[in-house]
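**Student:** Residues per chain are reported as follows:
Number of protein chains: 2
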Amino acid sequence: MRKYLDTIESPADVRRLSLDALETLSEEIRAALIRAVPVTGGHLGPNLGFVEATVALHYVFDTPRDKLVFDVSHQCYTHKMLTGRKQAYLDPDRYNAFTGFTNPSESEYDIFRAGHTSQAVSLALGLAKARDLCGQAHNVVAVLGDGALSGGEAFEGLDNAAVIGTNLIVIFNDNDMSIAPNSGGVYGNLRELRETQGVAKENFFHALGFDYRYVEEGNDVRSLVEAFEGVRDIDHPVVVHIHTRKGKGLPWAEANPEAAHMVAAGTDVSDAVPTVAPVQESPTYQQLTRDYLSQKLAADPNVVIVNAGAPSGVGLTPEFRAGCGRQFVDTGITEQHAVAFSAGLARGGAKPVFMVMASFLQRSFDQLVQELGLNRSPATVLVFGAGFYDIDATHAGTLDIVMTGNVPGITCLAPATKAEYLSMLDWSIDQDERPVVIRVPERIIEGEDGFDRARPGGWHLAQKGKRVCFLSIGSTVELARGAAKLLDERDGICATIVEALNYSSFDEHLLDGLLYDHDVVVTLEAGILCGGFGEKVARYFGKTPMRVMCYGGKKEFLDRVPTDEFFQIYHFTAEDIVADLEALGS
Amino acid sequence: MRKYLDTIESPADVRRLSLDALETLSEEIRAALIRAVPVTGGHLGPNLGFVEATVALHYVFDTPRDKLVFDVSHQCYTHKMLTGRKQAYLDPDRYNAFTGFTNPSESEYDIFRAGHTSQAVSLALGLAKARDLCGQAHNVVAVLGDGALSGGEAFEGLDNAAVIGTNLIVIFNDNDMSIAPNSGGVYGNLRELRETQGVAKENFFHALGFDYRYVEEGNDVRSLVEAFEGVRDIDHPVVVHIHTRKGKGLPWAEANPEAAHMVAAGTDVSDAVPTVAPVQESPTYQQLTRDYLSQKLAADPNVVIVNAGAPSGVGLTPEFRAGCGRQFVDTGITEQHAVAFSAGLARGGAKPVFMVMASFLQRSFDQLVQELGLNRSPATVLVFGAGFYDIDATHAGTLDIVMTGNVPGITCLAPATKAEYLSMLDWSIDQDERPVVIRVPERIIEGEDGFDRARPGGWHLAQKGKRVCFLSIGSTVELARGAAKLLDERDGICATIVEALNYSSFDEHLLDGLLYDHDVVVTLEAGILCGGFGEKVARYFGKTPMRVMCYGGKKEFLDRVPTDEFFQIYHFTAEDIVADLEALGS
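Going line by line, the protein sequences match chains A and B. Residues 1 to 586 (my numbering) are what the first sequence spells out, left to right. Residues 1 to 586 (my numbering) are what the second sequence spells out, left to right.
Hints in this document: simulated from the structure, not taken from any laboratory. Any given hint could be a false lead.
Pairs involving identical chains hold if they fit within one copy or between any two copies, as the list cannot separate such chains.
Quick list of in silico lysine to aspartate or glutamate cross-link-like pairs, EDC-like style, CA-CA up to 20 Å [unchecked claim]:
| id | residue 1 | residue 2 |
| --- | --- | --- |
| 1 | K201 | D211 |
| 2 | K543 | E575 |
| 3 | K418 | E448 |
| 4 | K485 | E254 |
| 5 | K543 | D519 |
| 6 | K543 | D517 |
| 7 | K296 | D430 |
| 8 | K554 | D507 |
Could you put the whole structure together from the sequences, leaning on the hints where they help?
**Tutor:** Spelled out as structure tokens, the structure:
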């Protein structure tokens, strides 16, 4: 029986409680999070640290009239519990009923969908300016944390907000951690501010023209209520810097802040010392890449790994990073800088390998164009999470071919087999002529190495057949093999299978050869078709009698679709393809 | 006769001069710039202010062993004069022999091509880290200025540099101007620093962990030499903040810093008061947009124009901006923020119109995806400079369809006629359902308004014919008309002409209808074909007997190609197209 949480249906119920009751409510919420999140998986550490602040925000501010904008928004679990969605954290039958991020389609208290970082100030400033233009009067509150401050967009927003000069309250949740430990000079200033209770000589926020308040006890609901009441209805921009503890209240999470940042479903957090994550049954490309790079770094002191503040998704474990020494740079959550920095490294004679999630690489499109493509900087970019994954739409990696494959000057490689991946990676690091993007496949497929280092634009003819040619990108070669097999069984057609190992250019010799004895080319890519690979092939053959059938994703945002279901949804199974071919009359 | 400049072939010659001689050399260079730049056109104001600093940099630092990285790099004219390229500024017959930006293919003293802003620290930090990895020892110097500091990428670079903690010298050229007047809270701090000779209590650079020096007399070569000598071979990152005068030495330029930032070829700068820019002979979309928005702003106080620190290219004159009052926001050079800010404005009930150059919009790709597309924020983005323009590759706007047309959730419109543009703009501002990108055409074409507000995904059937269908984007409708006329004259074929007014979706009804009585669809777009519009059409018809011929640009970077020549180079004239159709047998 939860004395207060059971009575809370909306923030109005929070506002009826006493300060003592708010403390108890916070404890109840924390207990619920500790029970639920390790089961469902999710952002455990950040939410444990932000319980009291969320309670205090809804207590002091008149939400939803006052507007609350979460950066990243993975810190929103308490917010969801207070705004009509608590059953998703209390009732095991309803776990996963809601997404892990704010989402306006779930609640009027959620104003934006936000999964990337550092944009909350900009969004909130837009709300504030709109309020002023429309003659309204309410508070606009932006919540930042977990490394958001290192992202340039946060700086741009703060810098602009300072001159617009209207009511805008920025809550900076400082738990002294990003996803990984914080990296960046500004975090030194934040440390000084914490150590001096907010009165250090240097103050980053003051330098930008912001008013500033400091709350040392960021997990004490009374201190927070007092601070928030002090800035409510303020007539100018203010930062409230609150010092919280990531993983607060769960010994394992407090002791392992990086591991506890995001836990997998079914994580055992009962032990105070080690993390007991589920054992991975098959090797991953993350492991494979670590193993390869360990040797490469040791052999060549000029090789350097770059990561932009999000090491976990790309497999850069704390142990591995520590072992890299000065051959690893965490730039902070700074994708624009990370690409330009890599370009500088390459021009300076080092051999950078930038490891990044496809979704976050979207932040770097201009740098891909200017710093890599135009400058032909021989950096290597390893893109993880590209394609169809079971993930929120905010983190989808289906636009990677759009933003890399269409940029002049970049060589974009898509290995199908493990052997090809390692071969490409090794070739790319050591060459010094061009920027290379490697699309790390979803899963490891064994097979031959069809990559020709002397001809990085070449594709691999995996099987020579007739009439129908399957042209696959990365892991979809498995689908090509399956469809070819089915086509042979059902229709007696022995199809050609080509791995398009390079999706930034055509293997024209190979394509032109198909015109002699093929009627149909079938392109297969895990990614959206618009702006992708298949339609380039369709254009190539547009003038000819060759029919081209493109399989891939629709131009849409999808949430948490199990990886295999993408292929069902998009009519993209071996059965579908063969049926289409039969309908076409081949 | 120039006493010193005539003797300078490389920076080594500069280093042989006395300090007195450096002053005279600076005067000679300034005189040359004042003579040459108004004739050729170019970044007049910024370069006049940076003469002495450039001379001092090459005097103090051992270039090219020491590395000099220019941000934006439009401040590089003096650098070019000192590094073997002075004839381009001295000899009228050789004016325009070199580009207006640094370019490694011109000189070993140019390390990167850089035309966008705020990336110099990142690039330089890469060089510095590479130097350390490779066991070298030289200085790395980054030059920032003209608003570069408001760009988030500069913050990301500075923030990361502070913790890497090696020799990196950032020259911050502070002329108290961006392209337009500076906008952003950090500029308040810079003003305080100027007013206190660098000792203000708040110091943005200190807050990031940077060492800091101030030079009040940024146009005095002795002060600069002294300051630069003080930081040469330093073992940690340092900012040297130099206070210069934009337009220094030319009364007109000093009095008109915004107009003098970039002057057109043939500008008369002799008059101390007014700018005498060449009279434009025909109305432009910039003018048209201003005229429309003037009325719209007056009629609806919720409409607000957003610009990211680059008003001139989109026609936002100082007079117009002043007239907008609080309905105009210059966010500073902050494209990421500007898009997210617009999303916030839209969500808050205002009606934002973000006006931006296509090339700079590349900085906002992730925000287009997340803040506009995923959040379906009903903001309007007007993209100027999209397509084929006579401009440096650094500023090319040929990737706009790639980065807007492939993003889920964004409605992308491409008006062909003036009437359509105004109709779309008016519709977009007042609707509140979706983000809209309007690709502002290259030039004004008269004609009917084929845009149907009730069906914004619809295309316009401008001429109904048979066998051949021309499908044009924007201004290429003129080419479609010309090719159709020629096809009729030469081959007696009356072709269909369709304006694809929406390039983010298909008018499927119209396309499917073509299958009955057309053999060929010809797509026409001013932009690169890869990831563009035409290949989507090729995919659409891939399974059918319809032939599709796509005309557009190659995936490459081109410098300063006269607009019309693009169409020659890309085999993209009416004559070319009809010849191709004849070869196809239609």
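**Student:** Run every hint past the structure and note whether it holds.
**Tutor:** Taking the hints in turn, this is what the structure says about them:
In this assembly of identical chains, K201 and D211 lie within 20 Å of each other by CA distance both inside one copy and across copies; the values are 15 Å within and 15 Å between. In this homomeric assembly, K543 and E575 come within 20 Å of each other (Cα to Cα) only across copies, at 18 Å, whereas the closest approach inside a single copy is 29 Å. Proximity of K418 to E448 under the C-alpha cut-off of 20 Å is restricted to the intra-copy arrangement: shortest distance 8 Å within a copy versus 57 Å between copies. With identical chains, the CA atoms of K485 and E254 are never at most 20 Å apart, being 53 Å at best within one copy and 75 Å at best between copies.
Taking CA atoms no more than 20 Å apart as the test, K543 paired with D519 passes in both settings, with 14 Å inside one copy and 11 Å between copies. Taking identical chains as interchangeable, the C-alpha atoms of K543 and D517 lie at most 20 Å apart whether they share a chain (17 Å) or sit on different chains (17 Å). Taking identical chains as interchangeable, the C-alpha atoms of K296 and D430 lie at most 20 Å apart only when both belong to the same chain, with a minimum of 10 Å there against 57 Å between chains. Taking the shortest Cα distances, K554 and D507 sit within 20 Å of each other only across copies (16 Å), while inside one copy they are farther apart (26 Å).
Figure legend: structure checked against the earlier numbered hints; the only hint not met is number 4.
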